[in-house]
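*Asks:* Following the hints, put chains B and C in place on chain A, whose structure we already have.
Chains as they are written, first to last, in the working numbering: chain A, 1009 to 1349; chain B, 1009 to 1349; chain C, 1009 to 1349.
Do not take every clue at face value.
Intra- or inter-copy, both count: the list cannot distinguish identical chains.
Derived BS3-like pairs: lysine-lysine, alpha-carbon spacing no greater than 25 angstroms straight-line [what the hints assert, rightly or not]:
{"hint": "1", "residue 1": "Lys-1334", "residue 2": "Lys-1320"}
{"hint": "2", "residue 1": "Lys-1298", "residue 2": "Lys-1053"}
{"hint": "3", "residue 1": "Lys-1199", "residue 2": "Lys-1053"}
{"hint": "4", "residue 1": "Lys-1298", "residue 2": "Lys-1320"}
{"hint": "5", "residue 1": "Lys-1298", "residue 2": "Lys-1316"}
Bear in mind the hints are in silico, worked out from the structure with no lab data behind them.
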Amino acid sequence: MALRLSEIVARFGGELVGAGEIEIARIAPLDSADAGDLAFLSNPKYRSQLATTNASAVIMASLDPGCRAAAILTPQPYLYYARVAQWLNPLPDIQPGIHPSAVVFGAVAATASIGPHCHVAHGATIGPGVVLGAHCSIGENVEIGADTRLAASVSIYANCRVGCRCLIHSAAVIGSDGFGFARERDGAWVKIPQVGRVLIGDDVEIGAGTTIDRGALGDTVIADGVKLDNQIQVGHNVVIGPHTAMAGCVGIAGSAVIGARCTVGGGAVILGHLRVADDVNISAGTLVGKSITTAGTYSGTVPFLDHKQWLKNFSHLRHLEMMADKIRALETRLAALENNA
Amino acid sequence: MALRLSEIVARFGGELVGAGEIEIARIAPLDSADAGDLAFLSNPKYRSQLATTNASAVIMASLDPGCRAAAILTPQPYLYYARVAQWLNPLPDIQPGIHPSAVVFGAVAATASIGPHCHVAHGATIGPGVVLGAHCSIGENVEIGADTRLAASVSIYANCRVGCRCLIHSAAVIGSDGFGFARERDGAWVKIPQVGRVLIGDDVEIGAGTTIDRGALGDTVIADGVKLDNQIQVGHNVVIGPHTAMAGCVGIAGSAVIGARCTVGGGAVILGHLRVADDVNISAGTLVGKSITTAGTYSGTVPFLDHKQWLKNFSHLRHLEMMADKIRALETRLAALENNA
Amino acid sequence: MALRLSEIVARFGGELVGAGEIEIARIAPLDSADAGDLAFLSNPKYRSQLATTNASAVIMASLDPGCRAAAILTPQPYLYYARVAQWLNPLPDIQPGIHPSAVVFGAVAATASIGPHCHVAHGATIGPGVVLGAHCSIGENVEIGADTRLAASVSIYANCRVGCRCLIHSAAVIGSDGFGFARERDGAWVKIPQVGRVLIGDDVEIGAGTTIDRGALGDTVIADGVKLDNQIQVGHNVVIGPHTAMAGCVGIAGSAVIGARCTVGGGAVILGHLRVADDVNISAGTLVGKSITTAGTYSGTVPFLDHKQWLKNFSHLRHLEMMADKIRALETRLAALENNA
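Only chain A is shown next, with the shape it has when bound in the complex (with noise of 0.2 angstroms):
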């Protein structure tokens, strides 16, 4: 597949510098671009390789005279690159039907493809254009809306709800059991039955190996737009708000409430029965203990040291009462000679 420049202008917009019937075929980094290849230039950093790129055209917010590309200028060249790249990279066709290895009980639309080895139970509803990947397991009363796709071995449990267009990739489990136990005199712990669903927006994406409990009275809900990296663990009756996204390895526990627009770093931690804001950002290994009000960016990791320098360093941690307890006094004694000075 190959677009000339014209029409890609006529597409997305932008103001073209340079001949409208050059070809690309490819995205590709600035410093690898080759002819036929269209990069471009997000990060100011990179400035440099304008003038050394084989790209044939580069999209920029802003002509760079060193360019020695054709060049489309958009106020934001990366969002223009992903539409581009989308373009260019359609996703594969889908060959409707069910593979003869399924096993299908629920109801099937007749655009929607069945991978092999698909189990698809009583009750449960597929949309139009929806593929399952090999191995999916989709349990009884599950919806799954239009045009979603699901790559292989994909669990979602009974009753759960997917919406249109999603992505969830695989080893992916959706609505399994929250973590909820009454304790008995004796540190025996007696189960307490998760009866609420999973309920996932449209256009929400869930990276593989990620787990998203099941609610344990009322439900747990993944909001419209919601971006989900790898192994993120959602905790029962959670609630995501639209839009936010997560990079990989983020747990959070019980009933935490996320805003809207949030974004949170890979392995963060987002404690249960807590409250994050709309517009929020956490840094990657933060842990959030309280609840956060005011959108704005959070922070709370250790820098990391060569070991020797850590160990002198950071063994005072145990002891920073007692540091600040010798500066009060320091503060005292300092006083006392000062007024008899």
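*Replies:* Only chains B and C this time, still in chain A's reference frame:
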């Protein structure tokens, strides 16, 4: 299914305040309960909701004069709620038999249910009342005890044992190789065969995506009543004592020995070759780098801050040793001045 | 299977102290070994066990006069133990052939073994001696090199390559989409197609539940001899150098480049777009937030404390800047007094 309050009290005890013929169909939280619902008051901060709840009855520790509903008085309301919830939400009925798409070489009890596309290898034993969801892989010589239930896509490697009445969620892996290698002079790794097993007791729950490695020489042991949440990693030769519960994303390195009735918060990491005593509570996100010999609660996480405040404050962590030196120097100089005064 | 000490020494070298005809059937730890077992002494803290062990022979670096068993002397006892253990525990025999329940469109070598319910898509190539456990999904055009073994329920997406003699554990996912999105003004995310691959070298081990994302434009590369434990997340376009080993639950963000022969402890997080030099050791739980250019050991975790002590000491972390200010003020005031004295 509906239960009369008189039936509930007859079965589980407690003092009934109100009409025994009131019928309960569901459990619900105080603030969203409707007529026909049973709510509970466990956390005193929700006490004010007793005056406004629409629940037909409330489980609580002592009668609250402001409660507008009927009441069941019991010293442990949360535990009582768990029991009633189990009664109202019984496990789904089992349909005994082996789905024709399953590939079964082992021995399956007549009352067990083997789901679509399961694989049960030679020498495996599946006990009475066991349920295997779709796509489960049961290795050679595995033993699964009575009434244990596996959700879809659980993998159990050869020779492992699972007790009775366990519940294992999707994408859990039992018996993968432990991480054991010796190193050659050039840095290459030589694998140490992992020939032990995983032995899992009775009444254990294992969350979605949780992985438990087999022992290197001896066995990895999960005792009776242990509850493991999602995406927990248990290294080879770990021992977890009875009724210990761990929240999501905990990692336990090889040969750690964890006591009975411990709780481990989400995202905590327990390093290898150490011991944790009985009745230890480890806070979420804590890294346990040495043995804990005394029951109690242990924590080791840093607060999060607004990003600019974090930058300002946490940069000093690299210089705590210097700070302590400065305080010592100040004390010496101040003492000299005081002696001269 | 039993081996005489003379056979072992003939094959792997080392100096035999004792009778060559002693037979060994198993490897066992010093403290639990029985007659017929071979133990090893690698960590000097177990030296006292030499006097009481029931092992028939012990691998050690130098002869210990208190040792009651025969001995094999070798400069690297742990490596020697690994080699003997491999000899005593050979990989299970392969039963070549394609299970009738598998759905295979690609090319499978005659000596490969394809387990029940596998799916091998069009254009995939499965090399000689390869073993696929049950429920593996092999995408279009995937190449798997000779003698590589996959446990049950491994998913490999289209176009990825796995080398020879690799071992991949259950629920591992190779080639899922990287996490790449551009953002619209209203906060909505536009997916950037992930069109690169995952390229895995020879002799790589990948743990259960580990996920490796495909590259966005270029490839994600795992070099020869890399060992990845369970539940590791590798972002798009990451490069991991030869013989680097990572313990469980490590997370690596996109485009990080990790050197050769590194070790990364459990639960560590490596942020994106940075470099880690060769021969770097990163301690468990450390967050690597900037590049490491020099070989060595690096750490960045906080100690844990009794919860009350933790509350008291760690609350000062929010006020380290103020503490440093106070020390500076004390120094100034003290210097003024000293000048006046």
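*Asks:* Hints first: check each against the structure and report whether it holds.
*Replies:* Right, here's what the structure says about each hint:
| no. | hint | result |
| --- | --- | --- |
| 1 | Lys-1334 <-> Lys-1320 | both (19 angstroms within a copy, 15 angstroms between copies) |
| 2 | Lys-1298 <-> Lys-1053 | between (37 angstroms within a copy, 17 angstroms between copies) |
| 3 | Lys-1199 <-> Lys-1053 | between (55 angstroms within a copy, 23 angstroms between copies) |
| 4 | Lys-1298 <-> Lys-1320 | between (30 angstroms within a copy, 18 angstroms between copies) |
| 5 | Lys-1298 <-> Lys-1316 | between (33 angstroms within a copy, 18 angstroms between copies) |
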